[in-house]
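If you read the protein sequences in the order shown, they are chains A and B.
In this text, residue positions in the first sequence follow this note's numbering: the first is 42, and each later residue adds one.
In this text, residue positions in the second sequence follow this note's numbering: the first is 42, and each later residue adds one.
Among these hints, one or two may not hold up.
Identical chains share a label here; the pair holds if one copy fits it or two copies do between them.
Stated by the list, open to error - For lysine to any residue, the following SDA-like pairs were computed, each having C-alpha atoms within a straight-line distance of at most 20 Å: (1) 251 to 172; (2) 232 to 324; (3) 197 to 263; (4) 251 to 327.
No wet-lab data here; the hints were simulated from the structure.
There are 2 protein chains.
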Amino acid sequence: MLHVIERRNFPASSVKLLASARSAGKTFKFRRQELAVHTLGVNSFEDIDLAFFSAGAAISLEYAPIAVQSGAIVIDNSSAHRMQAEVPLVVPEINGGDVAAHRGIIANPNCTTAIALMALYPLHRKFRVTRIFAASYQAVSGAGALAMEELRQQSKSMISGRAIEREVFPHQIAFNVIPQVDSFLDSGYTKEELKLQNEARRIMHLPSFKASVTCVRVPVFRAHCVAVNAEFQERVTLAEARQAISSFRGIELRDDPTDSIYPMPVNYAGEDVCAVGRLRIDSALENGLAFWVCGDQLLKGAALNAVQIAELL
Amino acid sequence: MLHVIERRNFPASSVKLLASARSAGKTFKFRRQELAVHTLGVNSFEDIDLAFFSAGAAISLEYAPIAVQSGAIVIDNSSAHRMQAEVPLVVPEINGGDVAAHRGIIANPNCTTAIALMALYPLHRKFRVTRIFAASYQAVSGAGALAMEELRQQSKSMISGRAIEREVFPHQIAFNVIPQVDSFLDSGYTKEELKLQNEARRIMHLPSFKASVTCVRVPVFRAHCVAVNAEFQERVTLAEARQAISSFRGIELRDDPTDSIYPMPVNYAGEDVCAVGRLRIDSALENGLAFWVCGDQLLKGAALNAVQIAELL
Chain A
42 MLHVIERRNF PASSVKLLAS ARSAGKTFKF RRQELAVHTL GVNSFEDIDL AFFSAGAAIS
102 LEYAPIAVQS GAIVIDNSSA HRMQAEVPLV VPEINGGDVA AHRGIIANPN CTTAIALMAL
162 YPLHRKFRVT RIFAASYQAV SGAGALAMEE LRQQSKSMIS GRAIEREVFP HQIAFNVIPQ
222 VDSFLDSGYT KEELKLQNEA RRIMHLPSFK ASVTCVRVPV FRAHCVAVNA EFQERVTLAE
282 ARQAISSFRG IELRDDPTDS IYPMPVNYAG EDVCAVGRLR IDSALENGLA FWVCGDQLLK
342 GAALNAVQIA ELL
Chain B
42 MLHVIERRNF PASSVKLLAS ARSAGKTFKF RRQELAVHTL GVNSFEDIDL AFFSAGAAIS
102 LEYAPIAVQS GAIVIDNSSA HRMQAEVPLV VPEINGGDVA AHRGIIANPN CTTAIALMAL
162 YPLHRKFRVT RIFAASYQAV SGAGALAMEE LRQQSKSMIS GRAIEREVFP HQIAFNVIPQ
222 VDSFLDSGYT KEELKLQNEA RRIMHLPSFK ASVTCVRVPV FRAHCVAVNA EFQERVTLAE
282 ARQAISSFRG IELRDDPTDS IYPMPVNYAG EDVCAVGRLR IDSALENGLA FWVCGDQLLK
342 GAALNAVQIA ELL
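With the rest of the complex left out, here is chain A (with noise of 0.2 Å):
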């Protein structure tokens, strides 16, 4: 997120940093400044105008709402305010009129579900989506730093020969894939796939849209890919829904099968832009369109959209 303040050079004549304790001290490099971490307390948003929290549902339940009081406009990546009908869940680039109605706090959506939504909204806004079919490919960086670091260890070890350790995960995850982000709803659903759903109808004003998702973890250290299946209430074509794609800001077309050329990872990683690539006319659809999107869950899936919200404020 500083990254990002300071690239776009977000207009803020002072950072300040704040953590649990524990991080309390250490100090992150901001604009040629070493910037000190401050312990967070009840009284730490006095003069703050913007506050971004990035430190888990339980901590914005309890702080955003005295960040607030305090005068400050909160953007939330946690999924604590995402669902309340008071707080705007946002993605500019497709609802970004929706921030004029915020009380205070305004919710930045789920990595998955916004980077599918910069290819979605666009095919949406020409043809009237219905419902989505989805797979994703999620990077481990989507569960933190730790987590990049237990991929990394256990692709060492498994070269090797060595016995894995495991942490972060509930499984191995090098040289394997998991079936489940987030913990199980009694759908059967895990909370990551429900949130594909229940944020989009939010983000694309469209209470009636439906997705069935699965969410998947693969060994790879950042960006989320997924594969969707789009069914649409007008007649699709090809050429219109290319159109629609690269006339729309945020996303680009990455797609010339007879080159082998789509989107990976291994090119949006590090990338403000996600794309949209394997854009075909689905099989199986009335009105369909099947298609590959890929984007950087730390960007676009939470730090840049984060800072997105506040160049529109």
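With chain A's structure known, arrange chain B on it following the hints.
Coordinates of chain B only, in the frame set by chain A:
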């Protein structure tokens, strides 16, 4: 294939290994003997009752008719004969009876197809499938031994910060996913993606079956996974679906989300049995089930299925 023949005590009085001149003279251990590889030629099939072909479509097209003429029955692992009406395409648990109609050649299905159908067919028998949406997570072993070595070498290089080398796959496979398996058709689907629909039609005797698939290579050494959304004609219940899977030979339920139990490549590499998990009522289909299936594509997806066909004969 040799391992499977030996392990299952297939009643072969003798086994002859055939390959290109390049491999002639190499030896393989079989039943505690060393078997030498002979060079494939037009006279190779004299006194051979059963010939397993696994050397690509071109070799199968040229030599399978020669083997048949010499009196052998050919079990072909390549895609060469799979769509020929007079050639049975067989998964023994599903359409073993089709073997009887052979005229010398029997085809072994595509690996992803065989594994996906082991889960889909018992559900189809109960509920009548109409179409599926699927996304695959395919191990590198499907592309051969060199592909496995490429994943190992690239992973090693990446972890040590060295440049990677690439030969088998069109892009880096270590810590990446590649949304392409096999070559592209005009429709935008790959051949691999279309196989699942077309081969499933023949194996399930269901010419109207539709499948819209995205096939993706993932950095896993062995065992494929497929995320499936399946639509049925009849009303589905979870209890009946679980019962249908449990009572079918060759597939098992591994499905206890509350304890993070579901099939993964680490569990099923080297296993004859395939497995289904993440079974749930599909949230975006009228009569639908979503599930996750996993199986070793060198076994059920190739050698095991071929030897099972031989056992039927």
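Results of checking the hints against the structure:
1. 251 to 172: Intra 4 Å, inter 18 Å, cutoff 20 Å: intra and inter.
2. 232 to 324: between (29 Å within a copy, 13 Å between copies)
3. 197 to 263: Both, since 18 Å and 18 Å are each at most 20 Å.
4. 251 to 327: Close inside one copy (16 Å) and across copies (12 Å); limit 20 Å.
The structure is consistent with each of the numbered hints, conforming to all of them.
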